[in-house]
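Asker: If you want the building blocks of each chain, they are given just below.
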Amino acid sequence: MTARIGVVTFPGSLDDRDTQRAIKLAGAEPVALWHKDKDLKQVDAVVLPGGFSYGDYLRTGAISRFSPVMETVIEQAKSGMPVLGICNGFQILTEAHLLPGGMLGNDHLHFICRDQKLRVENADTAWTVDYESGQEIHVPLKNMDGRYVADERTLDMLEAEGRVAFRYVDFNPNGSLRDIAGITNEAGNVVGLMPHPEHAVEPLIGSGRTDGLPFFTSILKKLVNA
Amino acid sequence: MARVVVDVMLKPEILDPQGQAVQRALPRLGFEGVSDVRQGKRFELEVDGPVDDAALARIHELAESFLANTVIEDFTVKVEEVAEVGK
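As given, the protein sequences belong to chains A and B, one line each in that order.
For the first sequence, the working numbering gives the first residue as -19, with consecutive numbering after it.
For the second sequence, the working numbering gives the first residue as 114, with consecutive numbering after it.
Be careful, since some hints might not be right.
[Said to hold, decoys possible] In silico DSBU-like links for lysine-lysine, alpha-carbon gap of 35 Å or less: (1) K97/A - K58/A; (2) K58/A - K21/A; (3) K124/B - K154/B; (4) K58/A - K122/A; (5) K16/A - K4/A; (6) K21/A - K4/A; (7) K58/A - K124/B; (8) K122/A - K154/B; (9) K58/A - K154/B; (10) K4/A - K97/A; (11) K191/B - K16/A; (12) K122/A - K21/A; (13) K191/B - K154/B; (14) K124/B - K191/B; (15) K18/A - K201/A; (16) K122/A - K201/A; (17) K201/A - K21/A; (18) K122/A - K191/B; (19) K58/A - K201/A; (20) K58/A - K16/A; (21) K21/A - K154/B; (22) K58/A - K18/A; (23) K124/B - K18/A; (24) K18/A - K154/B; (25) K16/A - K154/B; (26) K124/B - K97/A; (27) K122/A - K18/A; (28) K58/A - K4/A.
Keep in mind that the hints were calculated from the coordinates and are not lab data.
Take these sequences, add in the hints, and give me the full structure.
Answerer: In structure tokens, the structure reads:
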């Protein structure tokens, strides 16, 4: 008996297969979900993967947010289902208003791809319990629209409530306000971040570290113990 | 048929690096005296039937929920050539 974790494929998703692989490596069962399908196939959690869904037309995540699958994801997320948005998935979550703030083009106007150091600021969310608060990790980052913005009041609220889940360390790669790399909703079941933990789950590839794997073991632990 | 124009701009407090890049290019092109540029989006909607209050209300809703993300952007809705149509 293991947890079933859905991974949505939108037209233009790139990292759905890597995400499925990461879920499998963590010991859970990945379930492919399709953007046109409202049915979540009774999964216990959902990951919205990276990529350029719907070509990033209008705004990143703006069209995906209205896809049939998202109707169900939004509804279930509000009643507690864990959802992780990685990169484009994070952008979709802000467009869906499941997470506050918005994502804009990098302040330097270039695509960026690098190994990024992050600090885990909140190790209590459904997706981060296998980290320690304050732990520094290295995870690949690759994006064009990674600049997290929100008004001052929202930023202060996120800080005060411990909802800045990840922060860029040493180098802010995109001009994100307050070095924010990822945030969580109030309940801790919905988490979004720009860097790609699913690309850091095997020693053979990427930075040679497996710093991203605890995302997927965290959710498994959360779901199996639930 | 009438045209309704929705203009979408980043909120004034949000950094617009694209606009800044355009502004910085201006002196090189011989355009002096422009201290700031901000770049936005313009949507032209060709609407079937009369653009009455109900139609405008629906377009406003569309702009608010889809064409603009009001967390980061402001928008305006206007009927093109409204002056001539109205008088």
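Asker: With reference to the structure, classify each hint as holding or not holding.
Answerer: Okay, the hints, checked on the actual structure:
no.: 1; hint: K97/A - K58/A; result: holds (31 Å)
no.: 2; hint: K58/A - K21/A; result: holds (18 Å)
no.: 3; hint: K124/B - K154/B; result: holds (12 Å)
no.: 4; hint: K58/A - K122/A; result: holds (29 Å)
no.: 5; hint: K16/A - K4/A; result: holds (24 Å)
no.: 6; hint: K21/A - K4/A; result: holds (17 Å)
no.: 7; hint: K58/A - K124/B; result: holds (28 Å)
no.: 8; hint: K122/A - K154/B; result: holds (26 Å)
no.: 9; hint: K58/A - K154/B; result: holds (32 Å)
no.: 10; hint: K4/A - K97/A; result: holds (25 Å)
no.: 11; hint: K191/B - K16/A; result: holds (34 Å)
no.: 12; hint: K122/A - K21/A; result: holds (30 Å)
no.: 13; hint: K191/B - K154/B; result: holds (14 Å)
no.: 14; hint: K124/B - K191/B; result: holds (19 Å)
no.: 15; hint: K18/A - K201/A; result: holds (27 Å)
no.: 16; hint: K122/A - K201/A; result: holds (28 Å)
no.: 17; hint: K201/A - K21/A; result: holds (21 Å)
no.: 18; hint: K122/A - K191/B; result: violated (39 Å)
no.: 19; hint: K58/A - K201/A; result: holds (21 Å)
no.: 20; hint: K58/A - K16/A; result: holds (20 Å)
no.: 21; hint: K21/A - K154/B; result: violated (39 Å)
no.: 22; hint: K58/A - K18/A; result: holds (16 Å)
no.: 23; hint: K124/B - K18/A; result: holds (34 Å)
no.: 24; hint: K18/A - K154/B; result: holds (31 Å)
no.: 25; hint: K16/A - K154/B; result: holds (28 Å)
no.: 26; hint: K124/B - K97/A; result: holds (30 Å)
no.: 27; hint: K122/A - K18/A; result: holds (29 Å)
no.: 28; hint: K58/A - K4/A; result: holds (26 Å)
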